[in-house]
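> Next come the chains, spelled out residue by residue.
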Amino acid sequence: MLEILLDATVRAGTPILFATLGAIINERAGIINLGIEGLMLIGALAGFSGTYLSGSLLVGVLAAFCATFAAGSIHAFITVQLRGNQIVSGLALTMFGIGITALFGKEMVGQTIVGFKRLAIPGFSQIPIIGRAFFNQDLLIYFSFLLVFLIWFFFYRTRWGLGVRSVGENPAAADTCGFSVSKYRFLAVSTGSGLVGIGGAYLSLASTPMWIENMSAGRGWIAVALVIFAGWSSPKAMLGAYLFGGITAMQLRFQAMGTTVSAHILQMLPYFFTILVLVISTLRLQKGASQQPEGLGLPYDREDRK
Amino acid sequence: MTDFLHIKNIRKTFPGVVALDDVSFSVARAEIHTLLGENGAGKSTLMNVLTGLYHPDRGEISIAGERVHFTSPRDSLAYGIGMVHQHFMLVPAHSVFENILLALENVPNFFNRKKYQEKIQNLIDEFDLDLDLDTPVWKLSIGAQQWIELIKLLMRDCQLLILDEPTAVLTPQEADRLFAVLRRLKEQGKSIIFISHKMREVMEISDRVTILKKGCSLETLNRGDFDESRLASLMIGQDKIPQWQKTLQMSDQVVLDIQGLSVRNERGLSDLDNFNLSLKKGEILGIAGVAGNGQKALAEVLTGLKNTNQGRIMAGDKDITNSNARYSYIAGIAHIPEDRKTIGIAPDMSIDDNLIMKSFKSGLFRNWIFQNKRAIRRNAAEKIAQFAIKTGPDGTPVRYLSGGNIQKVIIARELSEHPAVLVALYPTRGLDIGSAEYVHKVIADGAHRGMSTILIAEDLDELLKLSDRIAVMFRGKLIGYVDPRKTTREEIGLMMSGETPGATT
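Top to bottom, those sequences are chains A and V. Going by full-length UniProt numbering, the first sequence opens with residue 1, and the numbers climb by one from there. Going by full-length UniProt numbering, the second sequence opens with residue 1, and the numbers climb by one from there.
These are calculated hints, taken from the structure and not from any lab test. There could be a bad hint or two in this list.
Restricting the straight-line Cα-Cα distance to at most 30 angstroms, the calculated cross-link-like pairs of lysine-lysine (DSSO-like) are [what the hints assert, rightly or not]:
no. : chain 1 : residue 1 : chain 2 : residue 2
1   : A       : 183       : V       : 214
2   : V       : 214       : V       : 361
3   : A       : 236       : V       : 139
4   : A       : 236       : V       : 390
5   : V       : 390       : A       : 183
6   : V       : 119       : V       : 246
7   : A       : 183       : A       : 236
8   : V       : 361       : V       : 390
9   : A       : 183       : V       : 115
Here chain A stands alone, though its shape is the one from the complex:
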């Protein structure tokens, strides 16, 4: 029982994990991206179409990454190059994602592909309770484990990572040290968006291997909230994403068991929890445990006179 629930938790949490990691890379560089929801949809459709047309899952994942990398570049261009309002641009990107995937997704509705299959890691998958959840999963989930570590390593052990964090904290400091603020911010937004796209592709290539209009169903917004919960750290993002995965898995379980509680109430739980998490993490922020990049949301203009 616990084994199955844990397994469902990881599977439900993975798309949110990818999206949260992507959003963290955006925000670490100082750019708020509220286009996550739209990017997930673009990733889901691009991933599905790529696989449907080529027959290869790898091509699908790459297509998802490239499509959202490009879509994210629009946000990067507006917010970094033109120094536009990050909130408005991000919301527009979400609207754009919902609209364009509905338009181009029509032909993909009802089509089928063969999605990602489980791949047991010999030995490890036999570990009681956690074996099935963590070592008998598909390749994208293994990739997400690796990614959590890689992003942490990137931020804290490489010069590029230091550069990204610095342009997010104090762009003027990075600039006077010879770092190109716009280059770092642009690439962080695009690449982060690409990861969000893989999260979307997980939905259409692994969770339910098909394309359904608006299939991200608010997961992008949950990711936006999780970034704050995770304190902009990738290992904590994993914890947060699985927490939400767990709630989703549990409410599905309750429904299957046939409780008397209305299904609508149960489906509301993850979103209700999002609000709760935001309240708690905001209170924590006010108590001084702030991890928020200081330059978050602020455009950088070198010649701005303060």
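For this one, chain A is given, so just place chain V on it according to the hints.
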């Protein structure tokens, strides 16, 4: 002497402002060259041009005889030009190590942490500094943060070091230490541009001095050709300086008594820690201390912007710590804030409106619920004449005024209701000498009328000249009082670094 840097006819304008008009000067190798000028003369703008942050509209920059064009700080760094900015270019959330590493060139993407830590530690040891590499920068004092900025430049082996008012955040003793380091760097053949408006320092350290005025370079003087009065007269020129006289008005009546006050900031650290202070009627009480030792929190508590965690504030025999009485009392306290553009004024509103912000509810300026525009205008015209505010056409937003005139608007508004207490934070920061003297005059005149002033300033000379008593703060505590007529800069300096004095007033 060979010239390392040569600047010719630099001009830089911002929308509506000519920041630099025509500046030429040169800096030799192994020279400490001081740029002297009043605030607004264009010193910082010029340095931002030199470090590639601003693009000049015209003019030439040459380095070691080669004509150069900087399009970013990267370019100027490549030519060995580095700067310690007045507002530090540090990432507060990052460790000392990460901040310094950020500044290094040719660090591979996958760097060897140990190797670089050792390299940086060696330099720190060479200059005998007390810096722990793993401490986050926000935990450090402002003085220590400045050393990090200097180390960043030294690690890059910069040939020209620019220091923009470096001593503003140091005690006199720390400043001496900085000068010793600068002389040592000079002996190593490095060029240094030193920016300051403190005559004493300029006299002490400069090989040559270039005077900037209103965006133009007036003259370059060699050591021996200048003394304090000559520099001052060149810098100020024909500007009129208001005259005022200080008289001893102080009575023994205590108007404000602070006992055991503690205030914590958003990071959970103590800004004020068991702080005591008493203010007498008609007194100008100077507060000395290195920036960041709790002065701001003190002003914020007194003016109601911050709540206390512990302690008592007494006004006469009334406890006003956290009661309703506090707010009516605070309404009677005049406040000259540190950051005049963000909390001192509403920048986009006119002078007329800014001047009545404290008294708009009074019957004088309204008819029932409507503004009495005529009375408001009359009030503004009076104040503009009385305080000699230079302004544009009626209705000009205050943001277009110069710093000195904005300060006059604030003072005119704050003093219009004849307050019993004035809390002034760095009231002359960024002002030209004429305006600064004007502010001094207003404060001294207020004391004649029995107004008590808490004057928080970073310039010891200003405090010594104006105050009846000086209280010294360190890490949120009161170290002691000194009598400005009897004390020495050294004594205050030691107290500013936390040493308890032998004698108090």
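> None of the hints should be skipped; say for each whether it holds.
Do the hints match the structure? See the list:
no. : hint           : in the structure
1   : A:183 to V:214 : 37 angstroms, violated
2   : V:214 to V:361 : 41 angstroms, violated
3   : A:236 to V:139 : 25 angstroms, holds
4   : A:236 to V:390 : 57 angstroms, violated
5   : V:390 to A:183 : 44 angstroms, violated
6   : V:119 to V:246 : 55 angstroms, violated
7   : A:183 to A:236 : 27 angstroms, holds
8   : V:361 to V:390 : 27 angstroms, holds
9   : A:183 to V:115 : 28 angstroms, holds
The structure shown violates the earlier hints numbered 1, 2, 4, 5, 6.
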